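Colleague: Following the hints, put chain B in place on chain A, whose structure we already have.
Residue numbers (my numbering), protein chains in the order written: chain A, 53 to 370; chain B, 53 to 370.
Hints were generated in silico from the structure; no laboratory data involved.
Hints may contain errors.
Which copy? The list can't say, so a pair holds if one copy fits it or any two copies do.
[Stated by the list, open to error] With a straight-line cut-off of 16 angstroms between C-alpha atoms, the simulated EDC-like cross-links for lysine to aspartate or glutamate are:
| id | residue 1 | residue 2 |
| --- | --- | --- |
| 1 | K60 | E159 |
| 2 | K60 | E156 |
| 3 | K60 | D151 |
| 4 | K348 | D150 |
| 5 | K228 | E110 |
| 6 | K147 | D293 |
| 7 | K228 | E355 |
| 8 | K348 | E278 |
| 9 | K166 | E181 |
| 10 | K73 | E237 |
Predicted model only: the values in this text are computed from it and were never measured.
Each chain, written out:
Protein chains: 2
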Amino acid sequence: MSELSLIKRFRAAAPTHPWVKVGPGQDCAVLSWAADRALAYKIDQVVEGTHFVLSGPEAAAPRRIGWKAMAKAVSDIAAAGCWPVAATVAVNLRKNLDDAFAMELFEGLSACCKRFNFALCGGDFTTSEQTLTLCVSLIGEGPQGGPAGGAWTRAGAQPGDWLLVTGELGGSRGGKHLDFIPRLEESRRIRELAGAGVHACIDITDGLSRDAAHICEESACGLRLEEAALPVAVTARNTDDGRSALEHVLGDGEDFELLLAVEPNAAQKLLAGWDHATPLRRIGTIEPAAVGRRIKRASGADEALPDLGYEHRTQGSA
Amino acid sequence: MSELSLIKRFRAAAPTHPWVKVGPGQDCAVLSWAADRALAYKIDQVVEGTHFVLSGPEAAAPRRIGWKAMAKAVSDIAAAGCWPVAATVAVNLRKNLDDAFAMELFEGLSACCKRFNFALCGGDFTTSEQTLTLCVSLIGEGPQGGPAGGAWTRAGAQPGDWLLVTGELGGSRGGKHLDFIPRLEESRRIRELAGAGVHACIDITDGLSRDAAHICEESACGLRLEEAALPVAVTARNTDDGRSALEHVLGDGEDFELLLAVEPNAAQKLLAGWDHATPLRRIGTIEPAAVGRRIKRASGADEALPDLGYEHRTQGSA
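Okay, chain A solo, but in the shape it has when bound (with noise of 0.2 angstroms):
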């Protein structure tokens, strides 16, 4: 089973409307629903076993599942650049579970729009004998124009673009893949910073080296990274498991940063003008096709940049 392949047949055959701005395989679709703003629209889930375990030595309290069901979805509102407003979520919950814990799932899910000012305003709910998930759909705003209906999406890099990220990379073991702040904030920021000048957007998911190919594939561009450059989480740091910080940093999934590619005079006003809490940094630039995905490593070496996929620790596909 391939997801990638599956999900390019869908993607091609998926039935569409004239509201419809961008379809299937961003982040988010928008919709261009009023004269005055834009309509992100996203569907994510959390299942048992594959994004977070309820037994063992990682086991996850139900209220941090909750948080993590809803804030993996907001990541993707704040990667189009747009700001949550309604949520609806679909739980299906193991029949031994009881009642305390589906309420404090509940609160984990509230607790995440009650951070970022939007609603829960439906759900839908079951119980079945096998395997909890959580489905979290939202619609965010953002503003009207341009092709993508004003939000941001992978395409758009063009070479020359400065390579930025929020945070640090790597970070996604000890538990901050349950407890992470989605970069919302720091999305709105950017957005005031740099404006237009934001070409391409991504939240790493995958790891930054899969997503930055996310980021080439759709802008039909290639690009070069700066290992010097690369914020590497302490948890990434000496873990002994035989992976270097810089496996950790391109390979982990599920750091929740932002990965954005901005025209160079927008990207060096927005590193000025920054003032938020969470780090912005360039770690690399944007470049033609041809040129593929490129490393420069710390010894001045110039490197193919590693394929290095999604290897969360609880495994099962993404």
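Modeller: Showing chain B alone in chain A's frame:
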């Protein structure tokens, strides 16, 4: 685990937003997103073992499962008097199901979108060891105006209103629950003919008895059904399960017909002008709350309406 009490607690605690006109507890949430149209917003799911089975004599083919997942959510948009514009879908596939199975699921989902001209504009796809689930989110449009933002809800029924129902009841046996056509065109035609005369609407998923009770609870009213007027599906007659046709009509889930409370003059005009192939019939009257929920039997006896619950053949919870 009581689904209802959990949902009530969730409704009371759910975060809100100024644009949300109708929040949790209705067939759809409704938002005022644009000045000229309402936005109906829905999430729904179908779960293996609860809403369909993959083995045994009642095993459903993946195309039918995909259709049902989408059509079930569309039915809620129809019950809100709105029209779907775009869907997103999250699929959690069992690992032992192959690519062909997944594509047939998508084809079933897409077939419903195409039938009613709306988009499938995004998705999420995971695989796990157990339990196939499909979660569908929909956004739909409706006219703007009124306290519910122009959409129909379960609230608003008034004593004297006629109770109308589309199609036939007790018919979900024999596979109709997988292949039903959501009453979207019927909903649109009802709106055209009855305008603001429609006071409340619900789609019948838990059985006529329970869903009529939902209208009474939300509208603070009672009602009286007329047994002689109830449209009984052929598959509800002469069953060998020891239950009468009336018990099937009142208690069987997943009929996916529309139950409406319509102001008497508008209802008369609506029935006189009704020109859709799907039948639309009067089956009773909204009464003051003090009357409670009654049924006038074919014998002439006036009895309390039995609270027959959801008894879908695959069992599980709803």
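Colleague: Evaluate each hint against the coordinates.
Modeller: Hints versus structure:
no.: 1; hint: K60 x E159; verdict: between (36 angstroms within a copy, 14 angstroms between copies)
no.: 2; hint: K60 x E156; verdict: between (37 angstroms within a copy, 15 angstroms between copies)
no.: 3; hint: K60 x D151; verdict: between (40 angstroms within a copy, 12 angstroms between copies)
no.: 4; hint: K348 x D150; verdict: neither (52 angstroms within a copy, 41 angstroms between copies)
no.: 5; hint: K228 x E110; verdict: within (12 angstroms within a copy, 44 angstroms between copies)
no.: 6; hint: K147 x D293; verdict: neither (36 angstroms within a copy, 27 angstroms between copies)
no.: 7; hint: K228 x E355; verdict: neither (30 angstroms within a copy, 59 angstroms between copies)
no.: 8; hint: K348 x E278; verdict: within (5 angstroms within a copy, 79 angstroms between copies)
no.: 9; hint: K166 x E181; verdict: neither (31 angstroms within a copy, 34 angstroms between copies)
no.: 10; hint: K73 x E237; verdict: neither (24 angstroms within a copy, 26 angstroms between copies)
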